[in-house]
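Chemist: In order, the protein sequences belong to chains E and Y.
When the first sequence is numbered by our numbering, its final residue is 629 and no position is left out of the sequence of numbers.
When the second sequence is numbered by our numbering, its final residue is 303 and no position is left out of the sequence of numbers.
It should be emphasised that the hints constitute simulated quantities derived from the structure, not laboratory data.
Keep in mind that a hint or two might mislead.
[To be verified] Not the full set, but computed from the structure, chain E residues with beta-carbon under 10 Å of chain Y:
id, residue
1, R187
2, D355
3, D571
[To be verified] Partial selection, computed: residues in chain E whose CB lies under 7 Å from chain Y:
id, residue
4, P89
5, H175
6, Y234
7, A612
8, A615
9, S619
Note that the coordinates shown come from a computational prediction; the quantities given were computed from them, not determined experimentally.
We treat Cβ as the ideally placed atom computed from N, Cα and C, and that holds for glycine.
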Amino acid sequence: MKLTGAQALIKCLEMESVEVAFGLPGGCILPLYDPLLDSPIRHILVRHEQGAGHMAEGYAHVTGRPGVAIVTSGPAATNLVTPLCDAYMDSIPMVAITGQVPTTAIGTDAFQECDTVGITRSVTKHNELVMDAQDLPRIVREAFHIATTGRPGPVLIDVPKDVLQNTMEWYWPSDSEMLEGIPGYRPNTKGHPRMIREAARMILAAERPVLYAGGGILKARAAEALRELAELTNIHVVTTLMARGAFPDSHRLALGMPGMHGNAVAVTSMQKADLLIALGSRFDDRVTGKVSAFAPDAKIIHVDIDPAEQGKVRRPDVPIVGDCRQVIEEIVREIRNLLADMKPADTSAWHQRISGWQELYPYTYEQSEPGEALKPQYCLETLRDSCPTDTILVSGVGQHQMWASQYWRFDNPYTWVNSGGLGTMGFAVPAAIGAKVGQPDKVVWAVDGDGCFQMTAQELVTASIEKIPVKIGILNNSYLGMVRQWQEMFYDERYSEVYLSPEVPDFVKWAEAMGCVGIRVDSPEEVQPAIDKANEIDDRPVVVDFRTDSREKVFPMVPAGMANDAIVLSPGQDPSALRK
Amino acid sequence: MSMTSEQQPSHHIVSALVENKFGVLARISSLFARRGFNIISLAVAPTDDANLSRITIVVDADSAPLEQVTKQLYKLINVVKVTELDPRTSVERELMIATLRVASHTRGEVLDLVSVFEGKILNVGAEAITVSLDGHPSKLDDFEELLRGYGIVELARTGRVALPKLDRTALRAVKGKAS
Chain E
50 MKLTGAQALI KCLEMESVEV AFGLPGGCIL PLYDPLLDSP IRHILVRHEQ GAGHMAEGYA
110 HVTGRPGVAI VTSGPAATNL VTPLCDAYMD SIPMVAITGQ VPTTAIGTDA FQECDTVGIT
170 RSVTKHNELV MDAQDLPRIV REAFHIATTG RPGPVLIDVP KDVLQNTMEW YWPSDSEMLE
230 GIPGYRPNTK GHPRMIREAA RMILAAERPV LYAGGGILKA RAAEALRELA ELTNIHVVTT
290 LMARGAFPDS HRLALGMPGM HGNAVAVTSM QKADLLIALG SRFDDRVTGK VSAFAPDAKI
350 IHVDIDPAEQ GKVRRPDVPI VGDCRQVIEE IVREIRNLLA DMKPADTSAW HQRISGWQEL
410 YPYTYEQSEP GEALKPQYCL ETLRDSCPTD TILVSGVGQH QMWASQYWRF DNPYTWVNSG
470 GLGTMGFAVP AAIGAKVGQP DKVVWAVDGD GCFQMTAQEL VTASIEKIPV KIGILNNSYL
530 GMVRQWQEMF YDERYSEVYL SPEVPDFVKW AEAMGCVGIR VDSPEEVQPA IDKANEIDDR
590 PVVVDFRTDS REKVFPMVPA GMANDAIVLS PGQDPSALRK
Chain Y
125 MSMTSEQQPS HHIVSALVEN KFGVLARISS LFARRGFNII SLAVAPTDDA NLSRITIVVD
185 ADSAPLEQVT KQLYKLINVV KVTELDPRTS VERELMIATL RVASHTRGEV LDLVSVFEGK
245 ILNVGAEAIT VSLDGHPSKL DDFEELLRGY GIVELARTGR VALPKLDRTA LRAVKGKAS
């Protein structure tokens, strides 16, 4: 069967079970958009290519399936660089297809030509320039395989216009043919049995163990296995920013988020632990604080599918390269065997210490007095208590993101979508749209900042036209809030270029102009009715503009570069009990 | 192998078998730049298998822990196999060609030097000669140092290539493929 490259590429996407693609056509990718008309693949026409990338990420976050973005060459490809890097940092499976100038024009500085493969090399797990239409099925199969296996990540396929126009003889590579094409790629998923035995013994011998769960738990679909391990061993679990939802916050063993803005109990229990069981987590600087002072007495078991994470930051005592779910299940099996003839170490004193800290150090903030500005935490608590427990929460980057992670109750995996590694402002609106496309039956709320919202808000036009009813709550303090917080705390309250404007834009009018319902909230009494109204609307996007107190800061906080022991608590909390 | 009796090497030799495709060298060099690994020398050429090339990279040991270099290399899809070669248990070779200024009274001395080092005369001119020398990189260093006094017009070195010695198990293939 003879097909054009464009027809073949669409057929490849169908063979890979792609149901939806986010994109925007242009010169070099034009041939691909013609056969798309005859395909069952749903195409969502974005307003900016960055939006397509973040939508693909949001979709992948909540479905576990690779998100697909299709854009043209040159500026469209460069607009995709931020989401690619974001997906690379957070290990999000994604396949990006970019148009390229015809093969004969490559290297001539042609109109809308750029070295897409060169530019995206360091922000993709892999990328490939297709020089022959006949190679398309092989390259697409490899791309989806690479994006979704091992440590997931974004893969980019750059397709010159003439490759889309030329004809090829259709084929679809078998698994083994596909693997032959990538002899250097064989991720190891099964942990080493000796290391697994060693880990099991170490876990049972520990007196102050903590399970340090990272985003890899979610990538490996290992939430249930994690819960089984925690309950079997009676060990507390911290869930990093990328792992929120991987372990239920309402579980008796949940400690919540560690790190720079994590809660004091999660931070301190890691500091005082004698064993950290790192599962799909990568000792990120936002978690460790000053590395040399991080968990100084702890032995480390490190389970990760990426061998390069082992020893990158902290040398593990027991490194286990493998798929988190498989390895945890093996560890559980091994522990059950060991428990047949031995008793685990006594952790009751440790449990008492933790519960003592938990009583003293909850997240806390001061409620506003009547007539005072609205507290962002209050908005989040009200929103949390007004939404179904499987609501998908999406956030941008900054103070609102940290409050969202702190004050939400994540009891289900894949209900939290945010930009962790790259910290991409403007992530929330398009990622929420992608999430809603992936999980149309769930309520999707994005909590955004006013700074973030202004970076990508135009995608709400996409949401309106495509009937994707996401809900956006802007915690609007008229500031780049996190930067303001650092200037207040570390730059002597010298506020430099952080004040946006309380007047412009008018978020309600802007929302309405984009086909959304806009609601403004100024006082605590208005919060609940506004949320109820937003939750009732199901036929279009809603934007709620919460006008919040700009003086509010995120606590606790470990100042950048400091040891986690230097944690700054909320005003009024006495840190002395943490030192015991 | 034991590191106690001998001095810690100042460089690592990493030998990577890679798919013979365009762009692979760029992937490797951008990985090194991105991770702050300092390359001392780099040699690339096809192997007996037309689908594979061998890239021999000498890395400054101070700039990078060897383990991270090999693991990060393995993460590149087009890298098939990475081998670390300990300088003490491998054979290393390099080729140098140099054009030297010679006056009538120094010509004899330079020719003597070339002959002592078992180099070859490639080209002779009125005031300059071009010579080649292959051997262990440290021998090339010595030769270069001695030539300096006579005036080097131009000099090119290939960067080292290496393979494990046969009499000891120097070959330590890093086990397990990266994801």
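Chemist: The structure should be examined with respect to each hint, and the outcome stated for every one.
Modeler: Structure-based check of all given hints:
1. R187: 13 Å, violated
2. D355: Where the cut-off is 10 Å and the nearest Cβ of chain Y is about 5 Å from D355 of chain E, the hint holds.
3. D571: Violated, because the Cβ-Cβ distance from D571 of chain E to chain Y comes to roughly 47 Å (cut-off 10 Å).
4. P89: 30 Å, violated
5. H175: Holds. Min distance 5 Å.
6. Y234: 5 Å, holds
7. A612: Where the cut-off is 7 Å and the nearest Cβ of chain Y is about 23 Å from A612 of chain E, the hint is violated.
8. A615: Violated - the Cβ of A615 of chain E stays beyond 7 Å from chain Y, reaching only about 28 Å at its closest.
9. S619: 38 Å, violated
Hint violations for this structure: numbers 1, 3, 4, 7, 8, 9, all remaining hints satisfied.
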